[in-house]
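Q: Chains as they are written, first to last, in this note's numbering: chain A, 1 to 342; chain B, 1001 to 1298; chain C, 2001 to 2272.
Honestly, the hints are just simulated from the structure, not real lab data. Each residue gets a CB set at the ideal place from its N, CA and C atoms; glycine is no exception.
What the simulated footprint calls covered on chain A by chain B, stretch by stretch (three residues with Cβ under 8 Å from a Cβ of chain B suffice, anywhere in the stretch; the number is not a length):
#1 31-37
#2 200-212
Using C-beta positions, here's what the derived DEER-type ranges look like:
#3 LEU1009/B - GLY134/A: 27 to 37 Å
#4 ASN1131/B - LEU26/A: 45 to 55 Å
#5 GLY134/A - LEU1007/B: 24 to 34 Å
Anything over 12 Å on all C-beta distances counts as not near chain C; from chain A, calculated:
#6 PHE12
#7 THR173
#8 ILE243
#9 GLY264
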Amino acid sequence: MKELLTPKKLIFRVVSALLVLVAVMLVCSLIGTESISLKAVFNGPGTQTANPDYQIFVEFRLPRIILACLVGAALACSGVVFQALLRNPLADPYILGISSGAGLGAIIAVICGFNWTVWGRSPIAVFAFAGALGTVWLVWFIGRMAGRFHVTGLLLAGVVVNAFFSAVIMFLTSIAKSQQVYSTIFWLMGNMTEEDFLVLWIGSGCVIGGIIALFYISPQLNALSFGEEDARSMGVNIAGTQIIAFAIAAAITAVAVSLSGLIGFVGLLVPHAVRLVFGPDHRQLLPLSGIVGAIFLVIADTLARIIIAPAQLPVGVVTAILGGPFFLVLLVKYSRKVSWLK
Amino acid sequence: MNKWWWLLLIITCWTAAGLAIFDRRQTQDCGDTPLATRADRIVSLAPNLTEILFALGLEKEIVRVTLDSDYPPAAAKKPKAGTFWQPNIEAIIATRPNLIVTLAFEQQKNLAERLKRINYNCLTVNIEKVNDLFEAIETIGEATGNKLEANELVTNIRDNLDKLSALVGTEDKVRVLWVVQREPLRVAGHNTFINEMLELAGGENAIGPTLHKYPPIGAEQVIVCGADVIIEPSMQQKDLKEQQKNANQYWNKFENLPAVANERVYVIPGDTVSRLGPRLYEGTETIARCLRPELFEN
Amino acid sequence: MSAIIEVKNLSFGYTPQNTILKDISFEIKAGTFLAIAGPNGAGKSTLLNLLCGALKPKSGTIKIDAAPIESYKSEALAGKVAVVRQEFVPVFGFSVIETVLMARTPYFGTFGFENKTDKQIVTEALEATDTAQFALRPLGSLSGGERQRVFIARALAANSPVLLLDEPTSFLDLKHQVGIYDLLKNAQLEKGKTIVAITHDINMAAQYCDEILLLGANSSYHIGQAKDVFSPEQIEKVFGVRTFVGSLGREKFFIPLGKFAKDSGQITDKHI
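The following block holds chain A by itself, in its conformation from the complex (with noise of 0.2 Å):
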């Protein structure tokens, strides 16, 4: 946009896409393999075998657009802070190891067979956060020998750790068993789940945290896009800023590749789409790229769920298809704008 920001108008976008967001939520969730009414879920639970439009409604379609509005957001606003930090366009959540550590440490838990369970879920979610997390601080520190926050330190360990990682799962894959395998691929593949409320209910209160912190540093974010000398010269704390922006970031992406396993293309197109129609100023990017985000990938998780029914496309699949030509299209529209396409 044109004109400067403002809190007005940043209030009037956010809350506008929101409303978009509901409004998409309610029809997708109206949208699936079997035909349900919503005057049917409206008559309330039943018993049980009364109101399968209910239960289909409240026990799996809900949870399952809540989950990809949950990761949607989660991914796009982190794609968005790692392109802030590194200074590239290029990066998505993935580039630092998160992704292969994730996988590495799900297709651990896939293999050694665990069988218990943590609150219910399987423990394939929560090695895949660890491993996620873990991942990232070894990035880091390999990244802090390169010398204090030398971005292309952090890059090129990135590199390192994500092909190291991704040699190891191959590895351990071709060992697996048939089924173990199977799934593990399902796994990396990025699919939804249908998840119960309580992991939905504290997932989404560490996502929006997560996203609000990060917009309280925005400003920063902004003076660190003309890099860290400049950024230091107008007042931004250098160290503190990095620390906790990577930090928020790497915890929401870990938190969604837990639950929904490795959905590409969100995290990298989604900042870019909205960098394109509404600017490079991170107070408005970040909030309107989260809630795109989840928009992105809500209408992405549908597709995948009636396309090729009744199997189910993983939705990494559909937000690669879906992805690359709209954001094309957004591209040629909007080149004028974009000062490094010159």
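Please arrange chains B and C on chain A, whose structure you already have, making use of the hints.
A: Chains B and C only, in chain A's frame:
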């Protein structure tokens, strides 16, 4: 209080609220609840389970099957509920079943847990070995109130198998290489029901014990395994002659193998031998005909 | 006038073995325009980075406004010292006014938005640097000179008493070189700012600056007025180039004499 502390406070309250509201919902593992009424709306989530249900005479009670449940032919006409790997929960719930039969595989276990949590009657059986099959038939028979039919079915299969064992005897075991996939080469190992079928049919596995159930093996191991017979189950039912020709061509390069030298490479229809179900005897007999054709001349 | 920057016995090296700056001491009084000149590698940019807190000295002290530089938190330091570095285009297309507004980041409200005072300061800075007409254009669409003016506007918007600039005119044409020096001199005279600029252009330095800090190799340095520091002997010693020093009224000018300088034979030692 500055904005960071407010944020922390809100998140903590949110989490506590969530724990208070939702915590009681899980940890209820309903297990397999015995049925109050007879199961007359049954969903089967695996092809061999479908076969068992049909064999128990429950054709009319079955309301949904998976996409790959193609035997008997009547099963293929039943409404679908997704595939074995990805059952479609919505379709299952929409038919309001009072019994859902699943296998103990990982994906299906999660599904079963979820369904049990919302009070659906879910029966999980594990069918990995021949004995498992017999147990499963009995369990399903009990759950559906068809104990008699179940007993009969099991006895039937057992008798036939015993007769076959008597026929082939315990000597002159034929060394068999059971090829599941050609590229890359994967064979059935010792810890599989296929191995059990082989032994019932008078054969023994040409490959030694392995870590995997269906290990990939290299050409070297093929050469030294000394198989008398190579069996390739075919996943497609048509063009068996064509597939046999292809197989012969492929295996000709292992000319030192007795199986190839004696032209004993067999491509057989796959569904009776790749699925551990009520047609266990048919499958085993087919194998026996490949291993000891002379016994079946008459 | 008090000294707003005090440097005592400053030493610094990027590696333990070599030291670029050894035992340097000098004072910059408030409201002066100081030029830092010297050959490449003498440590000019290093000194600038030390003065703005980006680097930490190995030994010695730096005091900004009578307080040691370590005692300042980053926001407070930004309020005292603003830096303009070599011009730079970020990957993300911020507009001119957004860029200049970022200087006010330490003063934003709770949720990170600027208030009226900030906006006014920014408008003034844009007008002082004659960049108001580009306010809404993305930074990348401007020319090098225009961008440099925007970064100076950003430094002005920080409203700090000290302005540090690293070769602010190195890529600019004549008109913009003069324009920027005029702007800086204005800021000094009208607003009382202290300007410290690294420059390779000794003519401009002599014309505009009150004092010159000449950094030579091996940490030799001289600080003083242009007429004292830029003597032909000093220039030849520090830069290794014979220079003709002339005067036009009160303006001094310097012409370096290379191998192919015309009529250099005519110039005798009397002139140089």
